[in-house]
Amino acid sequence: MEYEAVIGLEVHAQVHTRSKMFCACPVMEDTGDLPPNAYVCPVCTAMPGTLPVINRRAVELTLMTALALNCEVPPVSFFARKSYFYPDLPKGYQISQHGLPLGMNGYLDIQTEAGPRRVRINNVHLEEDTGKLYHVGNVTLVDFNRAGVPLIEIVTEPDMRSAEEVREYAERLREILVYLGVNSGDMEKGVMRFEASVSVRPKGSDVLNPRHEIKNLNSFRALYRAVAYEIAHQIEVLQNGGRVLQQTMGWDEGRGVTYVQRRKEYAEDYRYFPEPDLPPLEIGREWLAELRERLPELPAARRARFVREYGLSVSEADLLVADRAVADYYEMAVRAGTVNPKTVANWITVDLFRVMRESGKGIRELPVSPQALADLIGLVEAGTINMNTGREVLDEMVVTGKSARQIVEEKGLAQISDEAALRAIVERVLEEHPAQVAQYLAGKEQVAGWLMGQVMRATGGKANPQVVRTLLGEALSSRKREAGSR
Amino acid sequence: MHLYELTIHEARALLNAGEISAVELTQAVIDRILAVDNAVRAYITLTPEAALEQARAADTAFRQGQALPLLGIPLAIKDILCTAGIPTTCGSRILENFVPPYDATAVARLKAAGAVILGKTNTDEFAMGSSTENSAFFPTHNPWDLERVPGGSSGGSAAAVAAGECLGALGTDTGGSVRQPAAFCGIVGLKPTYGRVSRYGLIAFASSLDQVGVLTRDVTDAAMLMNVIAGHDPKDSTSLDAPVPDYTTALTGDIRGMRIGVPREYFIPGMQPEVEAAVRAALQRLADLGAEIVEVSLPHTDYALPVYYLIAPAEASANLARYDGVRYGLRMVGNSLEDTYQQTRGQGFGPEVKRRIMLGTYALSAGYYDAYYLKAQKVRTLIKGDFDRAFEQVDVVVAPTSPTTAFRIGEKTEDPIQMYLSDVFTLSLNLAGICGINVPCGFDAQGLPIGMQIMGPALGEMTVLRVAYAYEQATDWHTRRPPI
Ligand SMILES: [Zn+2]
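Chain order of the listed sequences is A and B.
Each residue of the first sequence is one higher than the one before, starting from 1 at the first, in our numbering.
Each residue of the second sequence is one higher than the one before, starting from 1 at the first, in our numbering.
Just chain B, with the same shape it has in the complex (with noise of 0.2 Å):
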């Protein structure tokens, strides 16, 4: 077995007995970038001098006998959270040269659990897309297949998971950007109660949806670094003031009369029949491990779509003004001050953030807010209604994470709607506010990773935990990996 593979815990146990140095293990990790990143294309910046630099004061740290959690383990940060002194883009030409002089909340408190940081993953333009085809400057492919897409917006992290080319990695999930690119690529993604995790140094696309999450090979590993990044911050005032628990300390890997429900909404005409199937077999699974199946209705499902792309372009339009050229990004002097804004957005933006920004400032205007706008956070309480119903009866409601399984490059890209569709299951959890986790839970005949979706109630995370740890403990389909 290859040092790259390891998980974070098991990395963690070697490192503690000494077996291994975090140089070793970022070397390799480093080495294995260096052999499969030209065809994955995971990350927008490298900085593996820094990396074993700490690698180096990691190593240091053990010998003097430090126990920080995450102490010499090398991870990826989505190129949308803020790092001091490395470039942050969002995948956009707008921010090519931009450089933090802060880091965000979430990266700040893995370097303070002594993480080693190996740079910084591809996104869909300001994480606005399913595909990481948004991305201003390259796609990023899928290990498991290169002429697929990895999901998105963190399809870079994501990808980076499952090639072996970081141990875990931070996404940001807005509307299903760490879920369904992790069930694009075989791994364990969890999007965390809105709150739960500190927003500061995220770059905002939709502010009331955005959340921190965290991509990796096991559940192990994301309770682990759940323990790191979660909290409240005073930097950000959304975030939760709600005690921490020790999150690994839901691993117990029984459910025995716990329910879950299955929302009839959420198994519709036109999903891909083995991902079906598979969602299917893994209740059974979960049904044989002791707990209760349960259906459940979560009638106004079918509203998701249009009020998430009312509500997060609308808050879009007014987070992405403030790259106007005036004091960092890009700049295009015009030869008046209208002409450099538009030079400068015209051409520092992508289509698809275009698209949303003109989405959003349509709902927002005069004489449409009530009826889009304002309409849609309506219907928003209505969707968060139905969880609140259906966790009075279940414990966690279990479902697809996607309709499909990893599609080709280019193949959705003409059709924006398509590309929306690819959410569609993802999409509610984010405007309920409430946390969910991606396991793998099959392959479909093209050996393409299938991903359930298990949704829990805010700050359920050690509900959701609990139920993904139990089947992944029953299950295999997390040790495998891709061919590449």
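If we strip away everything but chain A, and leave its shape as in the complex, we get (with noise of 0.2 Å):
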């Protein structure tokens, strides 16, 4: 039998807030030396008597991003308190949302193997992280630096079919919200974790069996793998005869296996009811509209524009689009000069690229601006220099920040593009050489690449290869007619 994979996600991104989801203490990035305990104050260390003050910034990221993923948006939204016990909770509850979040319905197209495929987005909502656990010997203990940061999540409906589309739309949605400006996107700081529900049926079923919750998956990699090995697994399962049960599972990274965390016969109860300590969040139609008036250019929008408007190819389109800060870059690079985009776009994809690889470094910054870049481009379309000439110019100016033309001065690099230069010293090494002339003559047409290679090391690779190859061209040929009029 054919089996096929019903899988939904859920992804917990932090938002980009300078302060907590409902007090004033900063967002610190985890850079793994935080002193414990630095960055909370009363509230997010739910000390008595004390209150959430709702962060605007965070609703604004949060319904940009509703918006960005087509999400309907209700005119009141609620908080809800979220209750279960836990030593990094500290009010016992977590504040979330539940019933009216600040995005539903909405959907992400993404593209597969099979063609284009919706997926349907549950609901967008807002929450706060929990502290961290760190466990020494015997003893435990608490970090609250992170409690009250703000959280969004985003839910899918289960439509997507295999680890592949699952690790798409997940690409897919970072990137976006990257482009929110709403997570930073960097994957090793842990600012997005996914929990993927994973079941399968025959093919063509429309049955929803019990399903497989794998939680705390870090990374594109970890979800791919963690969700592909549930399919399979699953599928081995049942062809074995077995039966899945409703299970939260863990991730086993280096065995590359998934584990059983705890059965879920019956729901958890984490008894939500609305916040009382916040009032509902109306969200106007004006705020609304100004919101979507900011929202930016979208990747996939972005992509299909770059393909159009600057006929580069798909690939080249993405490989630009993924990192909006590269995707400006290249823009303004097209916007500084009258080279060819495709050309701009083959310059950054592969050499600056490298430059990025190599140093580590951010296309931003780097201390090469678009103007440089477009500069630099201007001359080897110009034939000052040659492409090789250029790309050692361009590490040249990744070093000193100074700029190519500047560069070209100062090393003498400027190709010999003059043909009555060129003329006299092609005659000079045919002089010096008159037996490579003569097997030319007598027929050894390969002779010829070897006397451009002399009259190139005697400019120094400086000479302008296509010029040179006309002029030696033309020299030898009037040397063929000599001989054969004798």
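What the hints contain is simulated information worked out from the structure, not anything from laboratory work.
There could be a bad hint or two in this list.
Simulated pairs of lysine to aspartate or glutamate, DMTMM-like, Cα-Cα distance not exceeding 25 Å [what the hints assert, rightly or not]:
no.	chain 1	residue 1	chain 2	residue 2
1	B	K375	A	D269
2	A	K82	B	D339
3	B	K384	A	E282
Got two chains here, separate frames each, mind docking them using the hints?
Shown next, in the form of structure tokens:
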């Protein structure tokens, strides 16, 4: 029997704000060496009598996400308490949303092998992060630096059918969040976490079987592998006549397997109820319109426009659009010069990407502005320097921050394209090598290449090869004519 | 007359005239506390040195010509409002050693207005109770009869005001916890509109019902304290951003032409006949003063008690989840996380608190939420609607504050339902989020005070103060002092 997978995804992403969700404490980047409990206050440690105050910026960023994911935004949204006991949860409840979240019934279109697929978004909501536990010997320590950091949670319907689709969805979603400035996209710093729920069923059936929820997946790789493993595992269980139980699973990255965290015969009871400390959040239609206005061009639209407007291939557009800073850089460079957009794309995706890889820097951190890159490309296009020299100049620009023109001048790298000067050098080389010329005239035409190399050497590599080729051809054929007429 | 018997406005006049000093006044009140609090037990924590220090600072300020509204006035704070550097216990073992690093907004405003803080007063644990017997430490005694309760949960504050152990006090009112003890102790108790006073630093019992209130010896004092503590607070998102009037301007004594509603549902069989008689007489007095008495109906009154005992415990069950022994307060180390939770909460909370946590947890549980919590919220809307309709016809609604006068210590502790019924006339107001004030309106045959409740619409504090003041000026109940 053929099976298909039914997969839904919950994505938790840190919302990039300066202060926490309900207090004025700063949100610190998790560098791994922050002093514990240094960025806390009575509110985020749930001291008695303290009250939450909503971070408006976090709401705005969540609303922008909801709009980017084509969600409906209700005119009034509510926060709710989600109750459970755990030492990293200071209040004994998490302020989350339930019932009327900030976004509902949206979708994200992704490309799959089978063509485009629409993944429906059940809801987009805002909540607060918990603290962090450290187990040291037989004691457990709690650090609340992260407690109260705003988190956005994006929940899909079970619309994905393969691990590839899940990864594609997650990557596209990350791209959108980064574009909106909602999230840094820095996966290594744990700013995004995934929870996949996976079940399988006979292909063509529309039953929903008990599912496995795989918690705490922190990378695209872990997400992909865990989902792929679950699908294969569940199919195997079914084929052997077994049954899949509703369970919460963990992922063992080292062994590449999922394992049961706890059985879930009945749903966990979080006793949600509306947060009485926060009045209903009214989302004025004007505010919403203003946020819609502020939405940047999203990756999918930009990709299509790059193909249409600049004549790029889809894969080139993909490479550029994946990072909003790169795409912005590209467009600035295109506008800065008169060079072919395709050539600019090539320089960025081949040469600048190489430089970024080698230096470990982002495109905005390079000392090469879009204008400077456009100027460099202009020099190559004009024949002032050749492509290889151009690459060397770029490396120099990255180190010194100097302009291409300055480097070319200082190092005397300009190509010799002056025909008179080059013709003289060509003549001299031919005269210095009568034996090779004779071989050529005797019909050994490949000798022309060797003579070309001699001319380039004589100019220190600065000669414009095209011009040299033409002049050498002319000089040799004129000698051929002379020999023939003798 | 003793200094400790002064009202706030009387003391202020003497202080302003330089006839007494803040130190003299504070010392007189401290002496009074030392003399009677062994019997009354109004205070959990006393801070006499700090109080005298503040009084000295007040005297310096007076000499410099400063005119803060409460400069040098010694007040008490219910021990459920956070006070920076001073233990704040909520009457609970679980917070016995908790010292907040911040002041509740209401406390901070009193301090900024120059008040002298004497200490923290006893309360039913987490304000859950109607007699102050649920304090984990000791019960407070009614100054009118030490065998009787002072009411609750702000029983410590009410008893302190009545016994001359402070000039005025802050309390909190979730279902009657300011008005009912004020009635039992023969003083004035104002529960403002929900959101009128910031809840920041008020240790939460039921967030949608809790409100800081004032307990004083007369209506003028209540207006003066309200002038200081009312107003919007950015730290409390539920606080109202409405202008704060000068409440003392409501004290005109003139209620001619005002319409006063009498809800037929508030005169029930089983209530103490003397209470009904006193309130009826008071209504006649209001009529004599030129008000029109109109019968009104609040038809959903019967549901207030069950609705309250679903919503308040539900919110409490979440509010009290933070007492887990991890960050502050009592921690009983068990042999597992689960065990630590159970021992800490098992030993830290008293029986009434546990009862309400269980009630609330149940009401919010999957499968019961719709039938209990959600249904209760719907009925709450109906109760609010009752008042909205009543206030279309009348300016205020007047009723007894409690069906009985102060009962004996131990009389109702065995029967939670009997205890809950003691708040049957006060709960609706909190559910509706409106304001109300208790004023003394007589005494029963045993010499125990009877209270009358004047209820007003949201932000109707000016109206209830006006009626309360006119009644007070026409009577002398408020001038009587307990025998202690
Ligand atoms: Zn904080």
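The hints, checked one at a time:
About 19 Å separates the Cα atoms of K375 (chain B) and D269 (chain A), which keeps this hinted pair within 25 Å; it holds. Annotation: proposed proximity of K82 (chain A) to D339 (chain B) holds, straight-line Cα distance about 22 Å (limit 25 Å). Among the hinted pairs, K384 (chain B) with E282 (chain A) is consistent with the structure: their alpha-carbon atoms are about 22 Å apart, no more than 25 Å.
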